[in-house]
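There are 2 protein chains.
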Amino acid sequence: MAAARGVRVLLFGPAGELGDPVDGVTVVDAPRSVAKDADPARAVRANPDSSVVRAVRAVAAGEADAFVSGGSTGAALAAGLFNVKRMRGVHRPALAVPVPVPGHPVTFLDVGANVEVRPEHLVQFAFMGAALAGVVLGVETPRVGLLSNGEEATKGTPLVQEVHALLAAAPGLNWVGNVEGTDLTSGKADVIVTDGFTGNVALKALEGASQATLGAVRTAATSSVRAKLGGLLLKPALRGFRDEVDPENAGGAYLLGLRSLGVVPHGRFTRYGFSQAILLAARGVTGDVVGRTHSALDAAGALRGGPHASDPSPSVA
Amino acid sequence: MAAARGVRVLLFGPAGELGDPVDGVTVVDAPRSVAKDADPARAVRANPDSSVVRAVRAVAAGEADAFVSGGSTGAALAAGLFNVKRMRGVHRPALAVPVPVPGHPVTFLDVGANVEVRPEHLVQFAFMGAALAGVVLGVETPRVGLLSNGEEATKGTPLVQEVHALLAAAPGLNWVGNVEGTDLTSGKADVIVTDGFTGNVALKALEGASQATLGAVRTAATSSVRAKLGGLLLKPALRGFRDEVDPENAGGAYLLGLRSLGVVPHGRFTRYGFSQAILLAARGVTGDVVGRTHSALDAAGALRGGPHASDPSPSVA
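Protein chains in written order, with the working numbering: chain A, 34 to 350; chain B, 34 to 350.
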């Protein structure tokens, strides 16, 4: 599906199971998967021949411009950190998604790359999110909020309170303060920042609620002859909205902060969602999301000073 | 509204602003509000005449059976801890809500009482949630899950991983393992446990998404003559569902773990939602939620051993 839309695809996996040859798709036989492991960094080191490591190494070697990994997020992140490396001055890569809500687009990060974070990581995520919203969505001075359990500066964990103070004092950020879970759909901010644990839970809660609500509307529309007729008449008007909130259409999350772009689709995507992930990666390459995000971070003074130092033990999810 | 349904209400607030006398409602003039403060415990200590403290003290004195507080959750919790005291053997009170999703009821806690928790708190919340689901929803052996960013035992923060191990080894719990944000609406568990920060964010994300989705359906149903007719025909079938997902109908969260029952409605509820909160409190008293939860905790061996020790600095949200 992605190749039919002009993307050249290198497909790493067990060649015997990948079906007939397709124009634009080069199959690279990589029959080994990375083993499930509590420590993805260890798993990646122990499986240098796994499909995810080989795909990421192809990007590092310049054979591909971006990678898409539908397996373990932690493994993709670890493979990326070891082989593609971080952008100069970036503390930690983060997973950023457009929140699948009708109407106002919100850029939400981190949704799962960093279960544990330090304050300086969240501060940089705020700038990364703002840069991404500017580059991808064309929002000129995106409003940035910090996810908490209340609007007041005193709400949240000690970490959130510390980040609140840092962001409130940060120059060059259109800071709107703390936002709440409801603001993921309220349009109060263009960028919402949180750690990878809270972000992952909130994103999935939101997607689940949205799909459950649509499911209930569908059920209601079969409950009587009258309702069936109503549902039939309403259906065309709902189609655009259904597409808008379907996570598969968004293609997944940008893995941002490496020297090349990564895209992480949901593990539960169908083949359609994976094709959208490949197209998202291709659009990100064409739009130079990595280069322009880096320039924006640099312009905002949000890059870590000094030479690129290696972080010996990144925490991955 | 609540008094009309047979609840005797003591209403603490500025008598001059509370309108005309109503049968069944006794107004107690308490014109002072508790001051907003980063430290709710301090604010409560400094405002012994505030409406929330006076209402809670009326419960402690046996003048009322339960309290409803629509102000700061932290202030209600602090006032409750100081005056009503904790149930014997309970580490920390928690806020528990029925997740407003169609169909399968899920008991979700903590949704905001404890921003910071220790492993033993979350373990006890699991038993408290199970007891509540048994008492209120009549679920016999409720399935209990721990909210995380993935199903595997190795997912989540170190705290979540530790709690996972403790719950997996806990006797007397129908433990289903880690659950994800999507499982708040999937029906995979009857009780979902998390800390008060994550729970607050996830609940609000879910409510926001559900309302935004319904709003988009409403908008779609005005987009053309055909869609308008469809919406009109579908409307009666959607009414029950709309009521089911409207947080105001649920009346808010039980504050559970004190010697008397508390109910905390959302700050943004209308007068209707507050009347539902009062009715929820009254139903909880009639059903002896506090006593039966305590018995269930005791039977499960989930109460803290030894005499009731005071926890000098409870963390409140």
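None of these hints come from the bench; they were simulated from the model. Hints may be right or wrong, so weigh each one.
Identical chains share a label here; the pair holds if one copy fits it or two copies do between them.
Unchecked claim - Below, simulated DSBU-like cross-link-like pairs (lysine-lysine); rule was C-alpha separation at most 35 Å, straight line:
hint, residue 1, residue 2
1, K268, K69
2, K268, K118
3, K69, K261
4, K118, K261
5, K118, K69
6, K221, K69
Right, here's what the structure says about each hint:
1. K268 to K69: neither (42 Å within a copy, 48 Å between copies)
2. K268 to K118: neither (47 Å within a copy, 54 Å between copies)
3. K69 to K261: Neither: 46 Å inside a chain and 51 Å across chains, both beyond 35 Å.
4. K118 to K261: Neither, since 55 Å and 54 Å both go past 35 Å.
5. K118 to K69: within (22 Å within a copy, 46 Å between copies)
6. K221 to K69: between (39 Å within a copy, 23 Å between copies)
Of the numbered hints listed earlier, those contradicted by the structure are 1, 2, 3 and 4.
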